[in-house]
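Now for the letters of each chain:
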Amino acid sequence: MPAFPKKWLLVIIALAVVIPLLKPVLPDLVSDYRLFLVSTMMIAAIAVLGLNLLTGFNGQISLGHSAFYAVGAYTAAILMDKLDVPYYATLPVAAVVCFIVGYLFGLPALKLEGHYLALATFALALAVPQILKYKWLEDLTGGVQGIVLSKPEPPFGIPLSEDQWLYYYIFVVMVILYWAANNMLNSRSGRAMMAIRDYHIAADTMGIDTSLYKTVTFGISAAYTGIAGALSASAIAFVAPDSFNFFLSIKFLIGLVVGGVGSLTGSIIGGIFYVLVDNSAQALSTFVKNDLGLPFDLSAYTVFGILLIVLMYLMPMGIVGGVYILIRRLQRAGRGAPAAASRPAEAGKGH
Amino acid sequence: MPSLLEVKGLKAFYGQTQSLYDVGFDIPEGGITTLLGANGAGKTTTLRAICNMVRTEGTIRFAGKDVVGMATEEIVRQRIAHVPEGRGTFTTMTVDENLRIAAYTRRDKAEVAAERERVFAYFPRLKERIQQQAGTLSGGEQQMLAIARALMLKPRLMLLDEPSFGLAPLIVLEIFRILRRINEEEKVSILLVEQNAALALDLATHAYVLETGRVVMSGPSDVVKNDENVRKSYLGY
Amino acid sequence: MEQFLQQLASGLANGAIYACVALALVMIYVSTDHLNFAQGEMAMFSTYISWQLMNWGLSYWVAFILAVAFSFVLGVLIERIILRPLHNAPVLSVVVVFIGLLAICNSVAGAIWSYLIKEFPSPFPKSSFGIAGVIGPHQLGVVLVTLIVLSLLFVFFRFTPLGLAMRAAAQNPQMARLVGVRVDWMLALGWGLAAAVGAVAGIMVAHIVYLDPNMMGGILLYAFASALVGGIGNPGGAVIGGFIVGVLENMVAFTGNQIEKATGVYIIGNGEKLTVALIIVIFVLTVKPAGLFGRVVVKRV
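Residue numbers (our numbering), protein chains in the order written: chain A, 1 to 351; chain B, 1 to 237; chain C, 1 to 301.
If you're looking for bench data, these hints aren't it; they were derived computationally from the structure. There could be a bad hint or two in this list.
[Claimed, not checked] Simulated pairs of lysine-lysine, DSS-like, Cα-Cα distance not exceeding 30 Å:
| no. | chain 1 | residue 1 | chain 2 | residue 2 |
| --- | --- | --- | --- | --- |
| 1 | A | Lys135 | C | Lys118 |
| 2 | C | Lys118 | A | Lys82 |
| 3 | C | Lys118 | A | Lys289 |
| 4 | A | Lys133 | C | Lys126 |
| 5 | C | Lys126 | A | Lys135 |
| 6 | C | Lys118 | A | Lys133 |
| 7 | B | Lys8 | B | Lys154 |
| 8 | A | Lys151 | A | Lys82 |
| 9 | A | Lys111 | C | Lys261 |
Here the structure is a predicted model, which means the values were calculated and not measured.
Work out the full structure, taking the sequences as your base and the hints as a guide.
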């Protein structure tokens, strides 16, 4: 994937830090509601990033990341609800718990590939809401009712609104996780992960411990998505089993393929994208009903479904990958010479 | 004799790799033609190219009709039967089903049944094993079944890819005897690819020699048989 | 005892449904190596079509036949338009497209008919059908209808020339082409038949689970479990697997119920159905990937 120019990265970070502070100055542009929306986008981005580590960079398909998201969310919620653990301290615990769950699920997954792994994770995603309602866990999970929490408040009397504070909290977590993922992928281990994706059998003979890498990647991927879940528990201040159904996995999947299979930057864009579509669904539905006059309650999933299919034909590398290739081509055309520059890694080639 | 199959300037590719460069030959109606050549010379590829099973360029005319680019199944429906390398049968189906499948588009049941009997006259062994799964037959029987199934297509031209492959010499002789009868009695023209050059030259009326994707020699099989290079390279004396 | 028999009977009725959906999955699997994650939602959609037709005043069986025919056409079209271009695509693309289909079917059904749960009629007479105390009229009817459908399919594949050609195309496409079989169309027909069989299951089960856009989620998972138990790639195995899994599911709930009655401790019940399916799926995939009757071994790493 293209290395994001450092200069622009700093500009974006600076903007992301400053803009929320402009709330009193530009109340029309920066509102608590919008900041909250951006917070949920960042959570989504982290979740998609987690999925991308596994599917995009390691080539293991997962339709079950809603399960890890749920485990993260519930871990955080239970810690806050039962043990009065402060919200920020739930993240490492959620990460560890999800790493273990992911690692354990990764063990049987070692024997599976392609469609079968998709099936096993699909089954996981379907079963998780039921497991959360299991009678013996009811004391912890609150059963069908779920757990009601309270939103994080800014510490030390910092004069920020709850949503502003939440925004910064999640922003910092996202930046750290992104940085960590980026470092990991550029390390020896990262290259091994991708070698397993691209040259499955060769990786084994090259002396890479593929089983270890695959299970650990499963764990790390689950931990990332689990942290996103834990953040969402804080942000929404509520968890309930049925919000972690298979359709959540579909959202992660759309984030993955829109942003780009095997692209870190793409994961962020993918996360932002699905929250945006999800959020505009109401408007979209009203538009279809009132302006087009169709008796049809359009939902975000129709859009997601069509996009999933269309993208697989047009831009299997995702919009980010597709745009990158396009820019590359334009540059080459501009230079008027068939550049021998390195081609972008053809990520996401399934096996 | 009029040409049944005319091949000119045939090129074939597996992905990026070109394996036929300029192959051309004519198959006379009613004759038996053989393609000789070492491993990798392009014999099998030539057969596959005729049925559009590899990417092909050039001219292939069958009974005056251009068949390049036609789907494999449509070419077969022009009555070209291809017996692939390595006993091409549906192994989990019975002998009976293997034969019926070749006639599945034909409505006239009585005619098909009569034809099956005619085919069994060539291969009485298959009739005994009619309800047996093809995969449980011996190698020779499977090869016979593949030829029998090809016959059920009522072909004008039969393409045979290494029918002797991996079979005991006696069985091979039997199969070649049957092939000659089929050629004579059913008026089926045959294009034969064979490692066993001596056998093939005995059966064939015409022969072409392929080397690295090109025709290097051709002629009536008697002439080819006595060519010194052919003798040295393919006949071993 | 009577309770046990009731559970067994209801397990067989569920099993009949699973058998149909599992068979649909296997039909697509054997010819394309794909697992159709949208099979359940396609069946759900067909069930809504039949509901709509009945709502317009058609009789049950007319609506049934029209909806099944519609599903057949839809299946053929989906294969030709959506899946054909993905013939050599990587697995991830294919899975993503199936999930896209699933999302579309589900949300479009919700958009047209809303997510409110609807009652769905049963065509079987209440009084004279069933065995009192053991098996209800609808359950018996479901088993009979599925057995009829399965027999028809068996006859079709075993004895008709077209069925033979479809089997040939699934078993060895290259060779099937060499005997003049139009393989591409056979795959599309296979999709059509699979969709039709799935529709039968959907329409039959709707009376039991009620009609709503999410009604097939759990059933699809059980159908996958059935197909795996029977050895994915083996149509007969899928049918037997369906009945085994259907009975097993009910027996697990029954046993849980008995234990709770005897000891007062709740261990497992109807609320854990999907978890049971998850365990079956993972267990078979990792421990016995060929299933009970499978010849085709699941590709392992």
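So, going through the hints one by one against the coordinates:
Distance restraint check for Lys135/A and Lys118/C: the Cα-Cα separation of roughly 28 Å lies within the 30 Å cut-off, and the hinted pair is therefore satisfied. For the hint linking Lys118/C to Lys82/A, the alpha-carbon distance of about 40 Å lies beyond 30 Å, and the restraint is violated. In summary, the hint linking Lys118/C to Lys289/A is supported, as the alpha carbons are separated by about 23 Å, within the 30 Å threshold. With a C-alpha separation of about 36 Å, the suggested pair Lys133/A and Lys126/C falls outside the 30 Å cut-off, and the hint is violated.
Note on Lys126/C and Lys135/A: the hinted pairing is violated, with a Cα-Cα distance of about 36 Å set against a maximum of 30 Å. This hinted pair checks out: Lys118/C and Lys133/A have alpha carbons roughly 25 Å apart, not beyond 30 Å. Annotation: proposed proximity of Lys8/B to Lys154/B holds, straight-line Cα distance about 26 Å (limit 30 Å). For the hint pairing Lys151/A with Lys82/A, the CA-to-CA distance comes to about 16 Å; that is within 30 Å, so the pair holds.
Of the pairs offered as hints, the one joining Lys111/A and Lys261/C is violated, with about 40 Å between alpha carbons and a cut-off of 30 Å exceeded.
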